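Here the structure of chain A is known, so what remains is to put chain B in place on it, guided by the hints.
Going line by line, the protein sequences match chains A and B.
Here this note's numbering is used: the first residue of the first sequence is 172, the next is one more, and so on.
Here this note's numbering is used: the first residue of the second sequence is 172, the next is one more, and so on.
It is worth saying that the hints were derived from the structure and are not from the lab.
Certain hints may be false.
Identical copies go unnamed one by one, so any copy, or any two together, can satisfy a pair.
Within a straight-line C-alpha distance of at most 25 Å, the following computed SDA-like cross-link-like pairs (lysine to any residue) qualify [to be verified]:
no. : residue 1 : residue 2
1   : K343      : N306
2   : K344      : T329
3   : K291      : A341
4   : K291      : E244
5   : K339      : R248
6   : K289      : A311
7   : K339      : P243
8   : K292      : R230
9   : K289      : D363
10  : K339      : I300
Given the structure is predicted, the values throughout are model-derived calculations rather than measurements.
There are 2 protein chains.
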Amino acid sequence: QILELSAAYFEEGAFTGKHIVITAGPTQEAIDPVRYISNHSSGKMGYALAQAAANQGARVTLISGPTNLPCPERVERIQVKSAEQMLEASLQQIGEMDIFIASAAVADYRPSEIAEHKIKKVDGEEQMIIKLVKNPDIVATIAQHPERPFTVGFAAETQEVAQYAQAKLARKKLDMIVANDVSNTNIGFNSDNNAATIFWAQGSHDLDFMSKSNMANEILACIKAQLS
Amino acid sequence: QILELSAAYFEEGAFTGKHIVITAGPTQEAIDPVRYISNHSSGKMGYALAQAAANQGARVTLISGPTNLPCPERVERIQVKSAEQMLEASLQQIGEMDIFIASAAVADYRPSEIAEHKIKKVDGEEQMIIKLVKNPDIVATIAQHPERPFTVGFAAETQEVAQYAQAKLARKKLDMIVANDVSNTNIGFNSDNNAATIFWAQGSHDLDFMSKSNMANEILACIKAQLS
Chain A
172 QILELSAAYF EEGAFTGKHI VITAGPTQEA IDPVRYISNH SSGKMGYALA
222 QAAANQGARV TLISGPTNLP CPERVERIQV KSAEQMLEAS LQQIGEMDIF
272 IASAAVADYR PSEIAEHKIK KVDGEEQMII KLVKNPDIVA TIAQHPERPF
322 TVGFAAETQE VAQYAQAKLA RKKLDMIVAN DVSNTNIGFN SDNNAATIFW
372 AQGSHDLDFM SKSNMANEIL ACIKAQLS
Chain B
172 QILELSAAYF EEGAFTGKHI VITAGPTQEA IDPVRYISNH SSGKMGYALA
222 QAAANQGARV TLISGPTNLP CPERVERIQV KSAEQMLEAS LQQIGEMDIF
272 IASAAVADYR PSEIAEHKIK KVDGEEQMII KLVKNPDIVA TIAQHPERPF
322 TVGFAAETQE VAQYAQAKLA RKKLDMIVAN DVSNTNIGFN SDNNAATIFW
372 AQGSHDLDFM SKSNMANEIL ACIKAQLS
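Chain A extracted, bound-state conformation (with noise of 0.2 Å):
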C-alpha cells in the first residue's frame, strides 16, 4: 500500500518535473586551518523542505554546509563549507532550476584572510582583532540573476521580525521569504519544531507552531499557490 502511495505521488505530485535547488544548515568560514566561525543552524529546516519536495515529486539538490543530518531519500546532496562555496554550488544550478530556496543560515562575514598556519597565542597580547568582510550574498544573487528561479529566502531575526523579513523581501527582490523568531528557544535553531510566518509582495501566512516536517509541506503549498 505504501509502494503504491508512493508511486501516486510521483505520477501526480505537485511538483513533478521541477527542479528544487535548497541550501541548508550553517557555513563554516575558516580564520585558520584549525579554527573558524559558524553559527547554529541544524539544516533541519532545509533537510526537511528537501524530504518533503522530493516526496511531491520533485527532482531535489540539496547543497549543503557542515551538518549531522543524513541526506534524505532521492535527494542529491552537494556538500560545502563556506559562503563562498555556497553561492559557487548555486550559481552552478542557474538555468536548471525552477525554485530555489535558501534555508541556509549563510555566515554575513568571513575572515579577510586565513591564516596559513595555526595562529598562536602571544604571551602579554591580551587582546586579538578578527578582521572580517562580507561574505556574497547568494539568495540576493540568484534572485537577481537574469535566468532567475522563483526565489525563496528565509530571514532569522530576534527582534521586529515582520519589519526586517519585509524589507529584506523587497530589498533582495525574493518572490517570498519565511520569518522566524530565533530569539524564541522553543523553535527555530537545532529544534524539530518551528514557528513562522511566510510574506511575499501581496500578502502573508502565519505557521504555527509545528514540527519542521509539517512547515516544509506548508511552505511548499505557499509555493505551488504562487506559481499557479
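This is chain B only, laid out in the frame that chain A set:
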C-alpha cells in the same frame, strides 16, 4: 567470558581507586545569540581516553565541549560550551582528582563581548571587526594550583611540533604533554587515527600512526609509569 574479563579489570585495573578528569572536544565562544567561534576538534581523542581509563578501573569525569559523541560507558560527563565554563567545571574537581588530562581544544580567545541580539549586516559596511580577549588557560591554571593533580596537556601544532610542545610543558608546569601535528590531515582532528609524541621533563616517547583507542591506552601507560 567478557563479564569475567570486565570484572578482572575492575578488580585489578591499572587505575583502580583513581579519579581521572578529562576535558574533550572544542569550546564554542559566542559572538551573539546565533554566531560563535569554534574549532575542528571532534572530541574523539578525549572520549577514547575516557573509555580507556574507565576500562582500567578509574572513576572518570569527562568535561566535554559540544560534540556529537555518545557518553562512554561508566563515565560521568559534564557538558559545557565556553572555555570559561570548562575552567569552572575543572576547578570544581580540584582536591577530588588524581589525574587531569586536558585534551580539549580550548579557544585561546573569545569575543570581548557577546551581543544580546543577532548582529545585523549593515548595508555599505564591507568590513567588520571582532575584538577578542584571551581566554583563561585551563591546563596551566590546574597545573599551577596548590592542590594540583598529575597534569597532562595536549599540543596541536602545524609546525615545529616538538619545540612548541616542550616549551609549553615547561611554561605551564605540566607533568606531561602529548603533541601532534594537525597539519597532517590523515591524523588528528576528526580522524579515528592519530600519531603523536609524548614529552615529559626527562624524556619522550613516540606514538606512531595508530587508532585513537590504542593511543589512549599508550598515553595511560605512560602516565602510569610516571606515577609509579
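Structure-based check of all given hints:
no.: 1; hint: K343 - N306; in the structure: within (15 Å within a copy, 39 Å between copies)
no.: 2; hint: K344 - T329; in the structure: within (22 Å within a copy, 45 Å between copies)
no.: 3; hint: K291 - A341; in the structure: between (44 Å within a copy, 17 Å between copies)
no.: 4; hint: K291 - E244; in the structure: neither (44 Å within a copy, 36 Å between copies)
no.: 5; hint: K339 - R248; in the structure: neither (27 Å within a copy, 43 Å between copies)
no.: 6; hint: K289 - A311; in the structure: between (34 Å within a copy, 20 Å between copies)
no.: 7; hint: K339 - P243; in the structure: neither (29 Å within a copy, 46 Å between copies)
no.: 8; hint: K292 - R230; in the structure: neither (48 Å within a copy, 33 Å between copies)
no.: 9; hint: K289 - D363; in the structure: between (36 Å within a copy, 21 Å between copies)
no.: 10; hint: K339 - I300; in the structure: between (30 Å within a copy, 24 Å between copies)
Hint check: violations occur at hints 4, 5, 7, 8; the rest are consistent with the structure.
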